[in-house]
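S.K.: If you want the building blocks of each chain, they are given just below.
Number of protein chains: 6
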Amino acid sequence: MIKEIDQITQDIIKTFKVKEGINHLSGPNLPSRQSIINIITTLESIIFPGFQENEILEEEFLSYNIGEKLLRSCQSLMAEISKSIRYRNQENSNEQSQNDEEASQLTFDFLKTLTTIRDMALKDVNAALKGDPAARSREEVILSYPGLEAITVHRMAHELYKMNIPLIPRMMNEHLHRKTGIDIHPGAQIGESFFIDHGTGVVIGETTVIGCNVKVYQGVTLGALSVKKEEANIKRHPTIEDNVTIYSGATILGGTTSIGQNTVIGGNVWITSSIPKDSLVYNRPAEYILKNRYGQQ
Amino acid sequence: MIKEIDQITQDIIKTFKVKEGINHLSGPNLPSRQSIINIITTLESIIFPGFQENEILEEEFLSYNIGEKLLRSCQSLMAEISKSIRYRNQENSNEQSQNDEEASQLTFDFLKTLTTIRDMALKDVNAALKGDPAARSREEVILSYPGLEAITVHRMAHELYKMNIPLIPRMMNEHLHRKTGIDIHPGAQIGESFFIDHGTGVVIGETTVIGCNVKVYQGVTLGALSVKKEEANIKRHPTIEDNVTIYSGATILGGTTSIGQNTVIGGNVWITSSIPKDSLVYNRPAEYILKNRYGQQ
Amino acid sequence: MIKEIDQITQDIIKTFKVKEGINHLSGPNLPSRQSIINIITTLESIIFPGFQENEILEEEFLSYNIGEKLLRSCQSLMAEISKSIRYRNQENSNEQSQNDEEASQLTFDFLKTLTTIRDMALKDVNAALKGDPAARSREEVILSYPGLEAITVHRMAHELYKMNIPLIPRMMNEHLHRKTGIDIHPGAQIGESFFIDHGTGVVIGETTVIGCNVKVYQGVTLGALSVKKEEANIKRHPTIEDNVTIYSGATILGGTTSIGQNTVIGGNVWITSSIPKDSLVYNRPAEYILKNRYGQQ
Amino acid sequence: MIKEIDQITQDIIKTFKVKEGINHLSGPNLPSRQSIINIITTLESIIFPGFQENEILEEEFLSYNIGEKLLRSCQSLMAEISKSIRYRNQENSNEQSQNDEEASQLTFDFLKTLTTIRDMALKDVNAALKGDPAARSREEVILSYPGLEAITVHRMAHELYKMNIPLIPRMMNEHLHRKTGIDIHPGAQIGESFFIDHGTGVVIGETTVIGCNVKVYQGVTLGALSVKKEEANIKRHPTIEDNVTIYSGATILGGTTSIGQNTVIGGNVWITSSIPKDSLVYNRPAEYILKNRYGQQ
Amino acid sequence: MIKEIDQITQDIIKTFKVKEGINHLSGPNLPSRQSIINIITTLESIIFPGFQENEILEEEFLSYNIGEKLLRSCQSLMAEISKSIRYRNQENSNEQSQNDEEASQLTFDFLKTLTTIRDMALKDVNAALKGDPAARSREEVILSYPGLEAITVHRMAHELYKMNIPLIPRMMNEHLHRKTGIDIHPGAQIGESFFIDHGTGVVIGETTVIGCNVKVYQGVTLGALSVKKEEANIKRHPTIEDNVTIYSGATILGGTTSIGQNTVIGGNVWITSSIPKDSLVYNRPAEYILKNRYGQQ
Amino acid sequence: MIKEIDQITQDIIKTFKVKEGINHLSGPNLPSRQSIINIITTLESIIFPGFQENEILEEEFLSYNIGEKLLRSCQSLMAEISKSIRYRNQENSNEQSQNDEEASQLTFDFLKTLTTIRDMALKDVNAALKGDPAARSREEVILSYPGLEAITVHRMAHELYKMNIPLIPRMMNEHLHRKTGIDIHPGAQIGESFFIDHGTGVVIGETTVIGCNVKVYQGVTLGALSVKKEEANIKRHPTIEDNVTIYSGATILGGTTSIGQNTVIGGNVWITSSIPKDSLVYNRPAEYILKNRYGQQ
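Residue numbers (UniProt numbering), protein chains in the order written: chain H, 1 to 297; chain D, 1 to 297; chain S, 1 to 297; chain W, 1 to 297; chain V, 1 to 297; chain U, 1 to 297.
A hint or two may mislead.
As the list claims (entries may be wrong) - Calculated pairs, SDA-like style, for lysine to any residue (alpha carbon to alpha carbon, straight line, at most 20 Å):
#1 D:Lys-83 x D:Ser-97
#2 D:Lys-17 x S:Ser-63
#3 S:Lys-83 x H:Gln-52
#4 W:Lys-3 x U:Asp-109
#5 U:Lys-229 x U:Gly-255
#6 S:Lys-228 x H:Ala-135
#7 D:Lys-179 x H:Asn-38
#8 D:Lys-17 x S:Arg-138
#9 U:Lys-17 x V:Met-120
#10 S:Lys-123 x D:Leu-25
#11 D:Lys-83 x S:Gln-52
#12 V:Lys-14 x W:Thr-113
#13 D:Lys-112 x H:Gln-10
#14 U:Lys-3 x V:Glu-101
#15 V:Lys-14 x W:Glu-44
#16 S:Lys-112 x U:Lys-3
#17 U:Lys-14 x V:Glu-44
#18 W:Lys-17 x U:Phe-51
Said to hold, decoys possible - Some but not every residue of chain D turned toward chain W, in silico, with C-beta under 7 Å:
#19 Glu-60
#20 Tyr-64
#21 Gly-67
#22 Glu-68
#23 Leu-71
#24 Arg-72
#25 Cys-74
#26 Gln-75
If you're looking for bench data, these hints aren't it; they were derived computationally from the structure. The structure displayed is predicted, hence computed values, not measured ones. Where a beta carbon is used, it is the ideal one built from N, C-alpha and C, also for glycine.
Modelling step: build the complete structure from the supplied sequences, incorporating the hints.
M.R.: This is the structure:
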């Protein structure tokens, strides 16, 4: 009987009255996940032109191609940023037109950073090509390295994060987290020529600072020692200086922990205090026990 | 030549005769992955109303909105459960109409649990907000925390698991596993206010029992010590009591292993026997070797 | 003003002149990600017929069903392989028709391996059913085990890898990496009855050799000790012999490292040299420190 | 240059300032064509259940199937009617909630007419089956007679027209006009057992009144003699009494023109004044000239 | 209240009990409109290869392209024909496997006619190019003449009609009727080099017989004089011999009416008896009244 | 057997060798129907902004909205025009870059006409509002009058026709022909404030010239007397001067036929020679025979 569905509907709606926080019923819309995914896809095709296209990209028509994509992203991003700002300002009395103006300005400021992001993307591609013996070509890196996509989207999200736009940067990076298993908080500051290999399980926290030419493998955590809410505004995550390599499964924790330049951190190493530059850090070898399964050791 | 394709077709079809088990040619259809994904998406939008919508959700039309979604899910779920039951009963001689009646009853019983699941979802959101210093708002948690989505879908799949419906609960949780890297078996019993941060690589086994206010980080395994098929029906996975926190990469194994309440398990710790309540468990610090890369130690 | 967009467009296009490598503007198209995903999906439905279908697959029409899918894949794969070969040959002066002929031959050679791959898929399904106490049926394994999908697609990608086709095999496996968190390089040689449970974070390197009846859990790395570019063409990853089980989080590194048959590698173990057959390898137990959180130990 | 696009954009936007009427920039949204098409499709599948489905419609699940479709249509229609009312009231100061309440009431009143419309649809199907020697079965009529679809949608649109809802009824009938070439104004009153054969070019004006068992062929116009705007509110189109047949290409004009019952109007006849009942009206036969093409007559 | 929807649902379901004929609830599925549209689209792309493609059709891959499309159509058409046969046989006790075998045979017989249909399509294209001064090229005819598409689909539907397959041929032609306004019954026999210009409103009845090189303009009806159900199995529609041209709006009625070869029928002429060969038939000229609008004649 | 499909494939491919003209196998691609439909849809939403949108169109973001649509259309149109030019030039030796430059110039010239087309669209809307007593508002006209859409798309196609671009203008108008039953050749010259009511079956030939304030009803033909191929380049269709109204079913033929200004042409009138200005032309009244069906006259 549909009457039962009606009953369940009424029961569910009753839970709307008492429970604030997981209904979004009134007020302005929140940013749309699908729009943000579309924006990311379009911006990636500006940064790596010709790699996602089905048709040959003619140089003749290049400025229209890039221009159209920019304008399309611009328009969508303005709308999403505008929602995001309205959400942020909801207790204040800003007028809609003020929000729209701010959204428009922030969008332009963001789009202007794309040339720099393209510069960095090239360096990231080169870092992957250099860092992985299995990589055969730039094309292979661009088409099949999840770490490259994660860092490229992060570089965009980080620009929006710096502009103090809520929700959108996190939604961007979380989209990549779901695609790649690489979880970078948009707050993290990451230098040039960054390479994440394999990447599944990598976690890079909000206040992490990473230098240039850093290489990170799957399962690495750059995390916080403390998870006290009241310390949300201080540096909780480590600093990684230039030319550091961190092998798979290593964990580096703490806002005052710093890994000095040129250091290599071995797999599975657990670090909670600073390491001087030029170090080699690794777990004791041969810690395991080896027995014959059938009794004889 | 298409003749070659014909030859390959004949060769493949020959393999159908001798190999049972990976063809599904006769008998009733199996549950459809796409339908199950659609059902999940609809149910999530009932639990978190207004977060997946592109249009503002007017309170005026709320009962139609929820009612329509419920009825849509109800209808799809009945069809999928009916397939699932037919599959389960295939050797017995139940009539189709009996299966449909059972499917219909199970679907209602399931939908009635949604109000409770909404209650728990609110508590899970609050747990995330409290547990992660980087979380700024409930909206951010709902829009971008994969752990929240994983536990919410798990709570639904677990209800179906308890009803002894085959295939569907596993397909639900596996869908979330693919999206989030968090692998929870639908059999796991998980209490209120559960929070998984980052989450990639988390594995929670079928007979795990978890209390309230438990917090789990990326890469945590709650697994079995034995993988003997004949022990499939006994408790193989650990019990985690209330207020336990388990940091990244920790592994807790065994059906009789119990982690006492208020305990904190440090990162990468490997546990195969019970821990008393109020404990702090962590690996020995500074186990690594630190050398200068260029020879000097 | 759209003038600003125009300015940004011009700025971005300027970066095309100086930066080779991340534009793909001239020359032939690269393989299309979407086509490759479609090919994978179709081939999977040939290997596991009736599992992805919405309609009952009638035996009467089976040869048309399989034939149509084969011809569809054949045609798409030829086109993608043709692009891939053109890309590989771009500096040489091969004619288009020569490339097409080669693409056509390679496609047939590949499709002929599908019967063997179906044989292996059945054995992989049986290995999962046997290896996981939670697995209830072959149907459950096929519908919800990510490790099965990863190994099945790998077996196809590996055939293309052996034919020296660039880009496509990596794109195939990377698609599965994104879906499952399991990162297998298409170069890896993997024997019959392979089972990966849970799988998130598994990494299997290009020159890995794996025997029959091997079982691997989440977070296992079969990796290289050295990442020197000049060693790209030597064996850099380990050999795993028959009947080996490797528990979660274990790391096995190095091209000369070999794990002897029947060996069990415990969770989180870190191995960089060979292990004799019939071994049981595990970390020292109880390495952790256990304190009462409130001061008393 | 994108500058040129910018210039054209500016030029187009300038035309917004001076030209009212073809911009819809401010104020509430208008009804969405796509939503209205979706509503029509859903309602048609309620009226002719099982004809648009890909899956067998089980009687067991029938009430959920119909209920879900009703609720889905209900929700969409409320939203579209609400937009339509806001549009109608835009100069008055009705509050949104008042509009929503009215939309909700009108939607229910409309949905309650569906049982009657189903009754009439059955009679219309039977009229087609009886009226066309080429019709083999009810199934054939429902699946392939455009006239049936046109009259069915008209019967729905007419109910909305009677409720004085602007835009939506016209959009509904115009959708069918585009599909079938049959242009019925939603204002037309049409009795039971109506059959339009072939239908292309049929035009039935707003104030037409048609009795029962009327049959109309392609190219028939039931139109107005006068098109003076100031006569918009008087009856401008003819009355067709019961059991009338009108053959292809006939034109009947004028609000006081009435075709008496049982009358047959021949093809291409042009009528501007009333015809008594039981008439047979046809053009003079053999009006054409017949010559031999090559000179001899 | 959803209760009201429940009430309406119950009321609608009540109408299912008493009204046979417009519910399709039990028994086998009917042919699917969407599948039939897809089949038509695929077959058209076999007949006019390279015109609907986005990518260049390489001769090298041609046999795969055509083969894949044939096999795809073959498989879909078999399924639809099988449903159609089951529908036809529903009172008889034919077994499913018998139906499937018949469907399979009919599908092959049909596909074998495609080469002939391609021959005729070329002649139809040439007829259009020759017959319309505005036609510039074969490409223009294929890309933009609705009459060509209508006759091409008719030639396919007619083959299925001759095989006594119910529903599908009518659904095919009705799809084209909706696209083009040209309503050809699949029973009509139409010779080579047929050209319909503009075409809107053309109706060609079931038992029409048309010779070669016939040209027909918009609004032409080739219809029946009588619409008595009991005459369904006799020839009700006219015969048009070779080289006849019929201008717009002409109506030719009756099963014994024959238009002799080389005849030209003028616009709007109404014919109900046979016309000898080599005739020119036209309405009396200047039948209209011409007045000055402002009183003076 | 798939062998039979192979045989049919071979038979069809054989027909490729001998039959030129209905294969498009080599040479450049032809314009894509789908792209042209998308371009039309986008351009219509520039001309009638806010009518096809689901979201409210904010004035703040208007220039981005229009700019993005323009750039999107610009890019697609350039590509389609480029294909069209290559097709036209296929026997000459123009270089690709020359074609692209020409395509680019033509696209701009076309887009610059959009402001004028918007001016004319407003006048066409007003003509419909004035000309049809049933029209209630501009919104109703824009949302539901097929004649308005037909003339608007024609005005765009005509601009491309004047630039001597092959195929595309015909494909545009034919798309509207299929949607509306109104067949306007892109060559026709049509003045301001043009209104087609109902429209099904209207045909307007290539060399027709129509003045301002002309009103046309369904089934009107403005056609040619002669269809000799060698007269393709002379004026074959009539001239309609300002303020003329042509009622349904009227036919006006011949390149020297001119309908003087202010004239009204009655329904079904057939005209092949010029009519002076200020005329009223209609068929003799009461030409039909009226009998009692049952014998008495």
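S.K.: Are the hints correct? Go through all of them and say.
M.R.: Each hint tested on the structure:
1. Pair hint Lys-83 (chain D) plus Ser-97 (chain D) holds up; C-alpha atoms about 12 Å apart against a cutoff of 20 Å.
2. Between Lys-17 (chain D) and Ser-63 (chain S) the CA atoms are separated by roughly 13 Å; this keeps the pair inside 20 Å, and the hint holds.
3. Distance restraint check for Lys-83 (chain S) and Gln-52 (chain H): the Cα-Cα separation of roughly 14 Å lies within the 20 Å cut-off, and the hinted pair is therefore satisfied.
4. Simply put, Lys-3 (chain W) and Asp-109 (chain U) have alpha-carbon atoms about 14 Å apart, close enough for the 20 Å limit, and the pair holds.
5. Distance hint between Lys-229 (chain U) and Gly-255 (chain U) is fulfilled; the C-alpha atoms sit about 15 Å from each other, no more than 20 Å.
6. A threshold of 20 Å between alpha carbons decides the hint, and for Lys-228 (chain S) with Ala-135 (chain H) the separation of about 11 Å falls inside it, so the pair holds.
7. Of the supplied pair hints, the one linking Lys-179 (chain D) and Asn-38 (chain H) holds, its CA atoms being roughly 18 Å apart against a limit of 20 Å.
8. In summary, the hint linking Lys-17 (chain D) to Arg-138 (chain S) is supported, as the alpha carbons are separated by about 17 Å, within the 20 Å threshold.
9. Taking the CA atoms of Lys-17 (chain U) and Met-120 (chain V), the gap is near 16 Å; set against the 20 Å cutoff, the hint holds.
10. A C-alpha spacing of about 19 Å is found between Lys-123 (chain S) and Leu-25 (chain D), which places the hinted pair at or below 20 Å, so the restraint holds.
11. About 14 Å separates the Cα atoms of Lys-83 (chain D) and Gln-52 (chain S), which keeps this hinted pair within 20 Å; it holds.
12. Taken as a hint, the Lys-14 (chain V) and Thr-113 (chain W) pair is honoured in the structure, with Cα atoms around 14 Å apart against an allowance of 20 Å.
13. Restraint check: the Cα-Cα separation between Lys-112 (chain D) and Gln-10 (chain H) comes to about 11 Å, which is no more than 20 Å; the hinted pair holds.
14. Between Lys-3 (chain U) and Glu-101 (chain V) the CA atoms are separated by roughly 17 Å; this keeps the pair inside 20 Å, and the hint holds.
15. In summary, the hint linking Lys-14 (chain V) to Glu-44 (chain W) is supported, as the alpha carbons are separated by about 17 Å, within the 20 Å threshold.
16. Under the criterion of a C-alpha separation no larger than 20 Å, the hint pairing Lys-112 (chain S) with Lys-3 (chain U) is consistent with the structure, at around 18 Å.
17. In summary, the hint linking Lys-14 (chain U) to Glu-44 (chain V) is supported, as the alpha carbons are separated by about 17 Å, within the 20 Å threshold.
18. For the hint pairing Lys-17 (chain W) with Phe-51 (chain U), the CA-to-CA distance comes to about 17 Å; that is within 20 Å, so the pair holds.
19. Interface restraint check for Glu-60 (chain D): the shortest CB-CB distance to chain W comes to about 4 Å, inside 7 Å, so the restraint holds.
20. Contact between Tyr-64 (chain D) and chain W, as hinted, is supported at the beta carbon level, the nearest pair being about 4 Å apart and thus within 7 Å.
21. Below 7 Å, beta-carbon pairs count as interface contacts, and Gly-67 (chain D) has one with chain W at about 6 Å; its hint therefore holds.
22. Interface hint at Glu-68 (chain D): satisfied, since its Cβ lies 4 Å from the closest Cβ of chain W, which is below the 7 Å cut-off.
23. Interface restraint check for Leu-71 (chain D): the shortest CB-CB distance to chain W comes to about 4 Å, inside 7 Å, so the restraint holds.
24. The criterion of a C-beta within 7 Å of any C-beta in chain W is met by Arg-72 (chain D), whose closest approach is roughly 5 Å, and the hint holds.
25. For Cys-74 (chain D), the interface hint holds, the least distance from its beta-carbon to any beta-carbon of chain W being 6 Å, beneath 7 Å.
26. For Gln-75 (chain D), the suggested interface contact is upheld, since its CB lies about 4 Å from the closest CB of chain W, less than 7 Å.
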